[in-house]
Amino acid sequence: MKLPSPRGPLSRAVVDYLRDPEARAIGLPADLPTDLDTEDRELALWVMYELFYRGFDDVDDDAEWDPALLALRNRLEAETETRLRQEWAASDRPRSFEDLIESYSDAPSTAAFVRRQATADDVRDVLKQMSVYHLKESDPQAFLVPRLESAPKALFMELQFDEFGDGDPERVHTVLFASAMRAAGLDDTYGAYVDDATAETLAISNAMSMLCLRRRLRFAGMGHFAAFEATSSLPCKDWVRGLTRLGFDEDVIRYFDEHVEADAVHEQLVRTVCDRMTGGDPALEDEIVFGAFVCMELESRSAAAHLADEAAA
Amino acid sequence: MTRRPMPLDGPRIVRGVGFVVDPDGEATKAERPAVAVCRCDASARKPWCDGTHKLLARRAKD
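Residue numbers (our numbering), protein chains in the order written: chain S, 280 to 592; chain P, 2 to 63.
It is worth saying that the hints were derived from the structure and are not from the lab.
Where a beta carbon is used, it is the ideal one built from N, C-alpha and C, also for glycine.
One or more hints might be untrue.
[Stated by the list, open to error] Partner residues aside, some chain P positions facing chain S, computed with beta carbon under 10 Å:
no.	residue
1	V22
2	K30
3	S44
4	R46
5	W49
6	K55
[As the list claims (entries may be wrong)] Among the chain P residues that face chain S by a calculated CB cut under 8 Å, a handful are:
no.	residue
7	C41
8	P48
9	G52
10	L57
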């Protein structure tokens with residue numbers, strides 16, 4: 280994957296810094312603006328996180344641990360975390376995991392749109408956005424593994440083993456998603472559609488990276504994943520119906536079909552993982568629910584923005 | 002202490018089985034190490050859970 284096109288002063292500074300060894304010798308500009316356009320800010324963060332996953336063909340691998348980038352990431356993450364916690368504090372959503380996710384059951388849903396009225400091109404647009412995360416599906420959460428105690432870890436590995444294909448490379452979920460992309464006539468190259476990714480899409484990917492790469496936030500990271508898995512089976516059924524209605528190839532349908540059953544298992548496993556992590560401690564429990572809120576809120580904002588775009592188009 | 006209780010009509014997680022056999026004797030191969038077996042009887046993919054129990058719970062509340 281090559282570095283994406285910058286979208287403003289912050290992502291330009293990060294991309295230039297990574298691309299040019301001479302710029303790196305000078306350092307990042309001292310006074311990067313803090314009142315940033317969201318898209319620019321999310322892309323800058325996304326680029327910095329991606330150094331921890333696959334890196335970029337045009338960037339030295341050691342940039343992953345570059346102190347100037349880590350300093351900038353720390354600053355942006357602190358801002359993101361503060362904002363998300365303020366939103367959670369101000370939200371009137373229920374404070375228990377089950378009631379919280381249930382409270383989003385009538386939120387804007389891309390899956391319902393796909394089932395009822397999306398065109399084939401609409402579906403391709405959604406798949407492009409999804410690819411930003413789904414081509415690294417479960418990779419962020421793999422960073423949680425060494426941060427877990429044995430009891431949750433053993434169960435979490437059972438779930439991750441399934442995400443990563445149960446020992447069969449052809450059944451790794453990212454491989455299924457890549458097949459779906461190809462069968463839908465799209466480019467399955469990792470990062471192919473990052474230049475098309477909306478601010479909301481990048482924010483979803485970034486939130487997972489932040490919660491899973493920062494050990495202090497591991498409870499929120501697992502709560503986020505639990506919410507994601509617990510709200511997947513039924514929407515995937517909507518996807519199967521919509522894709523069938525539109526006559527999409529079997530390989531596109533297979534990805535969503537697999538997730539109806541897989542996530543029905545995973546949501547039960549990850550609930551118990553969360554229970555084993557917190558042991559009922561109310562403060563840790565709050566962190567799990569905060570993570571679930573981040574997942575549900577960012578997903579529903581992304582769906583709302585996407586549906587508004589479709590309505591305007 | 003369980004904060005995320007399994008819904009009463011939610012699936013049962015079963016591990017290490019090769020097949021699940023329904024009351025009519027029909028066997029379905031288990032494709033993953035842990036499977037979720039439907040207990041609400043409303044799944045469209047029996048014997049596997051497909052999340053339908055949650056729709057039933059939502060309708061019961063309305």
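- prompt: Given R46/P as an interface hint, is the shortest Cβ-Cβ distance to chain S below 10 Å?
  reply: Holds, because the Cβ-Cβ distance from R46/P to chain S comes to roughly 7 Å (cut-off 10 Å).
- prompt: Does K30/P pass the interface hint, meaning its C-beta sits closer than 10 Å to a C-beta of chain S?
  reply: violated, 12 Å
- prompt: Do the numbers back the hint for V22/P, that is, is its least Cβ distance to chain S under 10 Å?
  reply: violated, 18 Å
query: Taking the least C-beta to C-beta distance, is S44/P closer than 10 Å to chain S?
result: Nearest chain S Cβ about 9 Å off; hint holds.
field: Hinted contact L57/P with chain S - closest CB pair below 8 Å
entry: violated, 12 Å
query: Against chain S, is C41/P within 8 Å by beta-carbon distance?
result: Violated. Min distance 11 Å.
- request: Could you check if G52/P really has its C-beta closer than 8 Å to a C-beta on chain S?
  value: holds, 3 Å
message: Using the nearest Cβ pair, does K55/P come within less than 10 Å of chain S?
response: OK, holds: K55/P within 10 Å of chain S, min 7 Å.
message: W49/P was flagged as interface toward chain S. Is the shortest Cβ-Cβ separation under 10 Å?
response: holds, 5 Å
message: Can you verify the interface hint for P48/P: is its Cβ closer than 8 Å to any Cβ in chain S?
response: Because about 10 Å separates P48/P from the closest Cβ in chain S, which is outside the 8 Å limit, the hint is violated.
Hint violations for this structure: numbers 1, 2, 7, 8 and 10, all remaining hints satisfied.
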